[in-house]
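A.B. asks: Construct the complete structure from the given sequences, taking the supplied hints into account.
Sequential numbering of the sequence shown, starting at 13, is according to this note's numbering.
Heads up, a few of these hints could be off.
[Unchecked claim] Straight-line alpha carbon distances no greater than 25 Å define the calculated SDA-like cross-link-like pairs of lysine to any residue that follow:
(1) Lys-50 / Val-60
(2) Lys-23 / Lys-50
(3) Lys-46 / Arg-80
(4) Lys-50 / Glu-82
(5) Lys-50 / Ser-36
(6) Lys-50 / Tyr-38
(7) Lys-69 / Tyr-37
(8) Lys-46 / Leu-35
(9) Lys-50 / Phe-79
(10) Lys-69 / Asp-32
In case anyone wonders, no lab produced these hints; they're calculated from the structure.
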Amino acid sequence: MFFYVVLDYNKYKRGIDRIDQLLSYYSSMWKSLKWYRKVVLQHLDFAVSNSYILYTKIGGNQTQIWFRNEIIRSLISSSERKDTPVPSNYFIRHKSSDVSQMEGQHYMEKIPATSTKATPTRQCVVCNSHQI
13 MFFYVVLDYN KYKRGIDRID QLLSYYSSMW KSLKWYRKVV LQHLDFAVSN SYILYTKIGG
73 NQTQIWFRNE IIRSLISSSE RKDTPVPSNY FIRHKSSDVS QMEGQHYMEK IPATSTKATP
133 TRQCVVCNSH QI
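C.D. replies: Below is the structure:
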């Protein structure tokens with residue numbers, strides 16, 4: 013009886029071991045991330061690893077790092093706006109007191125280093141002007 017349990021375990025565990033092996037090579041996890049970001053990245057890793065397994069089953073013979081880079085390239089190229097003109101007033105700084113009108117027009121302003129602060133920092137001009 014015990015022998016059959018071990019055989020069943022080994023028979024069906026193979027796929028999970030394969031995914032764990034693939035995930036160990038190129039993991040997206042970072043120690044500094046919040047738990048919910050880790051969960052999202054882990055699901056993304058599972059999806060990419062499963063996609064790679066399907067890719068190899070249909071005859072693909074490229075490496076996993078090549079496959080991941082191709083996914084990244086396709087996501088970047090599909091998100092780029094092609095032939096979209098930039099409005100002429102896009103870079104104009106608005107002087108409005110209504111923050112709701114300033115949505116999407118927030119930009120960072122560099123604050124130089126001082127004697128009490130060794131490194132320069134940046135802050136949002138709109139949020140800072142309204143003490144948000």
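A.B. asks: Each of the hints needs a verdict: does it hold here or not?
C.D. replies: How the hints compare with the structure:
1. Lys-50 / Val-60: holds, 15 Å
2. Lys-23 / Lys-50: The hint is violated at about 30 Å.
3. Lys-46 / Arg-80: Distance ~23 Å between Lys-46 and Arg-80 Cα, so the pair holds.
4. Lys-50 / Glu-82: holds, 22 Å
5. Lys-50 / Ser-36: holds, 15 Å
6. Lys-50 / Tyr-38: holds, 14 Å
7. Lys-69 / Tyr-37: holds, 19 Å
8. Lys-46 / Leu-35: Distance of about 19 Å is within 25 Å: holds.
9. Lys-50 / Phe-79: holds, 22 Å
10. Lys-69 / Asp-32: holds, 18 Å
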